[in-house]
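Please build the complete structure, drawing on both the sequences and the hints.
Protein chains in written order, with the working numbering: chain G, 1 to 387; chain C, 388 to 753.
Among the hints, a few may not be true.
[Said to hold, decoys possible] One side only, chain G facing chain C, incomplete, derived with CB under 10 Å:
#1 82
#2 269
#3 274
#4 284
#5 288
Hints were generated in silico from the structure; no laboratory data involved.
We treat Cβ as the ideally placed atom computed from N, Cα and C, and that holds for glycine.
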Amino acid sequence: MDFSQVELTAEQQAFEKEVRDLLSTSWTPNYAHIALDHDRSPDSVRLAMAKRGWVHPELPEGQGGAGLGEIEQEIITALFEEFYIANNASNSLLIPTLEQHGSAWLKEHVLPGIRSGELTTCLGYSEPDNGSDIAAAKTRAVQDGDVWVINGQKMWTTWGNESDYCFLLARTGPIEEKHRTLTMFLVPMDAPGVEATPVWILGGGRTNVTFYSDVTISDNYRIGPVNEGWSVMSTPLATEHGAGVKTEGVVPINGSMGAGFSRTFEKLIDGAIDWAASRTGADGRSRLEDPLVRIALAEAMLDLEVCWNAEGELGKPMAAEALAVNADRLADMAAPEGILDFGVDGSIAAGIIASERQHAPGSAIYGGTTEIYRNNLARRLGLPRPY
Amino acid sequence: MTTVLRRNDYTLSDEQDQLVAMLRSLFTEQSPIGVVREAEPLGFDPELWTTVRDNGLLTISLPTTVGGDGGGLIELVLTGIEIGRTAAPVPLLDHVVAMRALGRLVADGISVGALDWEAVLSGETIVSMAPISTWELGAELVPSGAVADAVVAFKDGALVLLTRTEHAPQAPNEGCSPLAWWDPQDSAVTVTTLLDGDAAALQWDLAHREWRIATAASLVGILAISGEIARAYAVERQAFGVRIASFQAISHDLVDMHMDELTSRNMTLKAAWLTENEPDFRPELAAMAMAQATRAALRSTAKAVHVHGGMGITLEADVSLFYRKASSWSLVGGGIRRDLQDIGRAIDRRAGERARWHENSAAVKG
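Next up, the structure:
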């Protein structure tokens with residue numbers, strides 16, 4: 001057992017300063033930037049990081065990374081938080097898949113940019129008629145000599161409008177054969193016939209419906225054998241649900257999504273504290289001393305500590321729900337200003353409470369609903385399949 | 388401003404694993420549910436207390452300098468979890484927390500009044516803590532107060548020892564806990580000042596945090612055993628031709644109970660480690676662990692009762708016993724609102740950090 005502070009080596013301190021300097025010059029911290037777990041990292045930051053191998057710092061030097069360890073990765077994460085930068089530049093879900101199943105051409109021309117983070121990707125699994133039942137995909141890819149022609153549409157293509165490639169699941173045989181006639185492709189999003197139409201979600205975030213109309217791509221963009229897309233796809237899906245690799249014990253114990261939500265939750269509390277510190281009650285005292293405010297803040301801080309103590313897969317439903325409950329709690333604490341919009345005069349900490357209250361329901365849905373997570377956890381506890 | 392990273396390592400050492408195994412077998416064997424029921428309504432089994440004393444459990448979590456075996460708060464938490472799992476009717480946790488507080492004085496050469504330290508060490512003299520003594524004047528309910536010979540309290544800015552020549556009568560309560568009223572004004576009670584001034588406040592704060600941690604640990608044990616009983620029942624019990632655990636309405640509650648148990652356990656261990664190794668770092672963690680374990684134990688034992696349907700509310704059901712214990716063990720410290728009040732320490736610290744962030748950052752303020 002050990003919760004002690006890590007004594008950073010001279011090299012690690014120098015690294016911290018280097019990252020800090022880079023972020024200071026490529027990004028002005030935007031205090032109102034609350035959708036940190038949903039938005040993509042700004043291009044200015046991503047490209048500057050990619051140049052130094054810091055998007056996937058764990059990869060070896062010369063192969064897109066910087067050969068850095070867990071502590072340096074956590075330093076990057078902490079600084080992104082301090083600077084209020086969305087920390088979603090990673091292609092780590094796709095890297096193992098492309099390494100294992102990508103064509104020689106993809107490995108030579110595309111994989112290096114994906115590894116460094118210069119290139120960005122999005123996921124093309126869900127369709128209008130299927131959400132969790134991915135194997136029911138209808139989007140069709142038909143081989144025509146050396147090329148494939150793709151037709152169909154995908155839902156919830158978050159970052160589909162700002163990505164270089166889409167990791168696309170397509171039907172390459174009779175639909176009745178479900179998961180036995182699926183193939184994966186890496187579709188260039190600038191190919192003629194690809195269109196990403198915005199779907200605006202609660203909180204002002206954007207996801208997309210993507211349409212594929214006679215999109216013609218070379219066979220080089222196929223990932224893995226024809227009709228074996230199901231097993232190819234499960235490589236990153238397994239990673240998405242898992243927790244971080246622990247070697248030196250500084251990575252939070254909750255999985256990546258749970259940790260992301262917890263960090264957003266932390267920002268929400270900070271905004272609420274800033275608001276209370278800036279207001280004076282009728283008795284002339286800071287609202288920070290108001291017992292009603294203190295009890296709400298203490299409850300929120302307690303819930304946050306619970307989130308940081310939730311392990312692995314538990315972390316996601318725990319943090320998603322804590323975020324929703326506490327966005328409500330803090331909006332109520334700061335009522336009526338708590339409901340004022342983003343950036344509006346008189347709003348609380350630039351409106352981050354109202355904004356997060358709108359974002360929070362999504363946290364309990366995307367990447368697997370809290371019910372799906374509970375079903376998985378129930379199986380791990382030895383409980384029977386749901387009736 | 389520099390980035391600060393901390394480790395998040397909750398793993399037990401081999402020695403700690405062995406301690407858990409020893410405690411598990413001892414309490415499972417010596418404190419089966421029949422013994423717990425037999426000890427009611429007082430909630431104290433003198434024979435089990437003798438077993439605990441004879442097996443050296445009182446000195447495991449005490450420094451060697453004052454006659455202990457050198458263990459610390461983590462060992463006390465592990466002991467607390469096993470006590471909770473069996474609802475063992477012995478005042479071990481209150482006694483050890485009070486003994487650790489008194490031991491710090493003994494180690495500094497401060498007199499502990501008329502107490503015979505050897506008798507405290509052996510458990511012949513039972514000591515306890517008065518966790519709510521800073522909040523209310525006059526008489527207060529004291530955990531293990533009906534079996535204790537002496538109680539550590541904080542009155543009028545001083546660390547005091549209350550002693551009685553004969554035991555206080557139990558204040559009957561739903562969990563059959565040996566609670567009792569102790570009144571410093573009562574002629575049967577002697578009040579001895581042990582320490583005053585800032586040193587007294589510091590000692591009390593530490594003792595109070597340790598009491599919260601030990602009590603939270605006992606609630607983690609209650610959470611663990613209630614979850615196990617409820618899962619076993621739900622996997623076996625059939626309704627409408629299927630096992631009831633296959634209904635999501637039930638399995639999701641069982642998952643939530645498990646999450647309550649694990650988060651409470653982790654928070655208690657983390658609070659224990661930091662209180663022991665870095666008492667000035669995040670002093671609110673003990674109150675957080677207590678608040679989480681309290682709310683978790685209250686709602687999860689209620690879910691365990693509910694999963695059992697009508698059987699759950701019968702007095703003979705094991706889950707109803709743990710439901711009763713959960714409130715009597717958790718709320719004697721003054722309840723969650725008192726914990727939240729102390730978590731307030733974190734608000735002021737964070738407000739200071741935020742002020743510095745605003746000063747140093749060129750952030751867009753929206």
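Hint check results:
{"no.": "1", "hint": "82", "verdict": "holds, 7 Å"}
{"no.": "2", "hint": "269", "verdict": "holds, 7 Å"}
{"no.": "3", "hint": "274", "verdict": "holds, 6 Å"}
{"no.": "4", "hint": "284", "verdict": "violated, 18 Å"}
{"no.": "5", "hint": "288", "verdict": "holds, 6 Å"}
Consistency note: the structure conflicts with earlier hint 4 alone.
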